[in-house]
Amino acid sequence: MDTVFAPATGALSWMWLLIALPLAGATVLLLLGRRADRWGHLLGTATVGAAFVLGLVFFLQLSGLPDDARSATLDLFTFVESGSLNISAGLLFDPLSAVFVLLITGVGFLIHVYAIGYMSHDEGRRRFFAFFNLFVAAMLLLVLGDNYVMMFVGWEGVGVASYLLISFWFNRPSAATAGKKAFLANRVGDAGFLIAIFLMFASFGSTDFQTVFNGTAANNLASGTVLAIGLFLLLGACGKSGQFPLQTWLPDAMEGPTPVSALIHAATMVTAGVYLIARSHPIFSANETAQLVVVSIGALTLLIGCVIGCAKDDIKRVLAYSTVSQIGYMFLAVGLGGAAYALGIIHLLAHGFFKAGLFLGAGSVMHGMNDQVDIRRFGGLWKYMKSTWFTFLLGYLAIIGLPPLSGFFTKDPIILAAFNREGWQGWVFGGAALLGAGLTAFYMTRLFILTFHGPKRWTDDIEHPHESPAIMTIPLWILAVGSVAAGGLMSTSVVNWLTPVFGHTEHHEEKMSHWTATGLTMALVVLGVVIAFLLFRRGTALAEQPARTHIVRAARQNLYADRFNELVLELPGRLLTRALVWVDNRGVDGVVNGLAAAVGGGSARLRRSQTGFVRSYALSILSGAVVVVAALLVVTFG
Amino acid sequence: MTPTYYLVLAAALFTIGAVGVLVRRNAIVVFMCVELMLNAANLTLVTFSRINGTLDGQIMSFFVMVVAAAEVVIGLAIIMSIYRSRRSASVDDANLLKY
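Taken in order, these protein sequences are the chains called A and B. The numbering used here puts the first residue of the first sequence at 1, with every later residue one more than the last. The numbering used here puts the first residue of the second sequence at 1001, with every later residue one more than the last.
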């Protein structure tokens, strides 16, 4: 089946406004500087709100079209033209872009509103909203681009915005370092993405989605090329989404303000990798090995995230590892292919709601507790911040997958789909997903109980924790409603909505029934909750306990991922640098300095011949004249 | 007329002058030796002028004499002022302009 995109008509020909609005907001806020301090946050929020309304209008127009014509491309201008390379700045609005546009602008708008309250005491609030708008614009470009190069432009844009926002409090060394780490880890992935784009251009002569997908479907390529394109795209996706082996930057990114963690490092940017794989589904569907690698990375990462999540005491870091592991579920789903593409996207949407809600809830707790992030220092907060407690509870129940909240409708089908893979792979990947669900229930229960229940273990400087203002709790409530309702509403409607993108899939024989999988998952989840409840209902020790087992020790060290990077990547790099510095100092500089010293020393000796005695000069003139005459005689008569 | 005698004489005068410039210390004597070398050159010019039957060489020697006269004025003035400041007319004492 050929992929053909229809040109944009009607209101859809204005879809460039989606990107232009937040971009204009960012430009105005950055250029006006301090003059915009008083109203900058309102402008920043308004542009994203307007983009959300526009997104809704476009969505409605798209849904009015017949099933097989649901796509709209808009060619803005020629971006690059050089020989046979012709890249247009084109946009594509299809069902997949539509759900992302709504997620980004919708959840983004709520987080902007929340940030008005959260950042109200910060001097840099205008700068913050400028970067936030920049991020939204770049992210929309990422999901709206109709070729890989435009997507890459947006991809880099979100990377820059993420860097600026992680190190937003740049006079904190840890924040500045975390920003650099995120940027570097992303660069590794970006290099992979770029190589994939080069390969596409070499094989298809174009980077348009349409040409690339039809070229892959035509099956003219060597399977090695398709595999290479797939794996390099996957490397890019792993960098952006914090998947193994590039997951270490994501937890450190929590150094940024909490709304940043919620918007960028939970709900939207980190899901760009999932979008990339889902968007490139013709490439991955064409090569089983590439799919297998995606599934393996997803399964491995979801376990890594869960295990480390159990060992952390920083509320934002636990949520960060939980994000790593939930995105692992999404990778698992999009790697399984076929019907599971849509499952990955649905989980992504549901996750966007409940994880944004959880992060904003964590921010609200920190707001009331003098920016304390250590869950050993919370406890009993449910009485003091009722809104935060209740919305966090809903988000928590949604993430562990309790029916009828959204996680149940989106995670269980992924586990089931993993089990139904053929042969041993089904058991391995299904088992990993199932185990992950149990561990998720454990560490989220631990987080929830230690934060909101049990005895108070506050530091002395906190007299009376306070609930956050309404401007922060209203977004929390909206996101909580989304966490409750989204899963049930989306589980079938979004699958149908995405059918034009991913195609119809036939149901094949299932090795495990729906009810068995759900039963098993529920059993493990309940087990995890009960164990955590029994262990932590009386609170926990304030100091770090000595680790008794290897797994605990390893999990506290992030499973040695940082140590590995230091030893295998950083150390050789540092040794190489040192060697190069030595060669530069001794070799290159040696030659330059030696030459200068030789000339200097030589002339110091030579000037001794300037004795100051007139007769020695006269002698040299005379001997010069004699030599000239002798030479003339030799030439003339010789 | 054979030019040999004149040329040998000029060469002898020039050599005496050159050696004098190189070996003597008294500025006046050095100066006179320079004059000797100039006049040796003049003699050569006049000799060849005569042999070739043209006046170019003789005119050139007049120029040399004029320049030498001007040079004598300046040179003697310099020697005088050096002598005044140093109480010596030795060229070896005027050796400040060196490394």
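Please keep in mind that the hints were generated in silico from the structure rather than gathered at the bench. No residue lacks a Cβ here, since even glycine has one placed at the ideal position from N, Cα and C. Some clues are possibly wrong.
As the list claims (entries may be wrong) - Every beta carbon over 10 Å from chain A, so not counted as near; a handful from chain B, in silico:
1. V1030
2. L1045
3. M1065
4. I1074
5. G1075
6. S1088
7. V1091
8. N1095
9. L1097
As the list claims (entries may be wrong) - The following label-pair restraints were derived from C-beta to C-beta distances:
10. D1092(B) <-> L632(A): 26 to 36 Å
11. E1035(B) <-> N593(A): 46 to 56 Å
12. I1074(B) <-> G590(A): 24 to 34 Å
13. I1059(B) <-> N593(A): 42 to 52 Å
14. L1055(B) <-> G612(A): 40 to 50 Å
15. N593(A) <-> S1085(B): 16 to 26 Å
Going down the list of hints, with the structure as the test:
| no. | hint | in the structure |
| --- | --- | --- |
| 1 | V1030 | violated (8 Å) |
| 2 | L1045 | holds (16 Å) |
| 3 | M1065 | holds (21 Å) |
| 4 | I1074 | holds (15 Å) |
| 5 | G1075 | holds (12 Å) |
| 6 | S1088 | holds (14 Å) |
| 7 | V1091 | violated (5 Å) |
| 8 | N1095 | violated (3 Å) |
| 9 | L1097 | violated (6 Å) |
| 10 | D1092(B) <-> L632(A): 26 to 36 Å | holds (33 Å) |
| 11 | E1035(B) <-> N593(A): 46 to 56 Å | holds (53 Å) |
| 12 | I1074(B) <-> G590(A): 24 to 34 Å | violated (53 Å) |
| 13 | I1059(B) <-> N593(A): 42 to 52 Å | violated (59 Å) |
| 14 | L1055(B) <-> G612(A): 40 to 50 Å | holds (43 Å) |
| 15 | N593(A) <-> S1085(B): 16 to 26 Å | violated (45 Å) |
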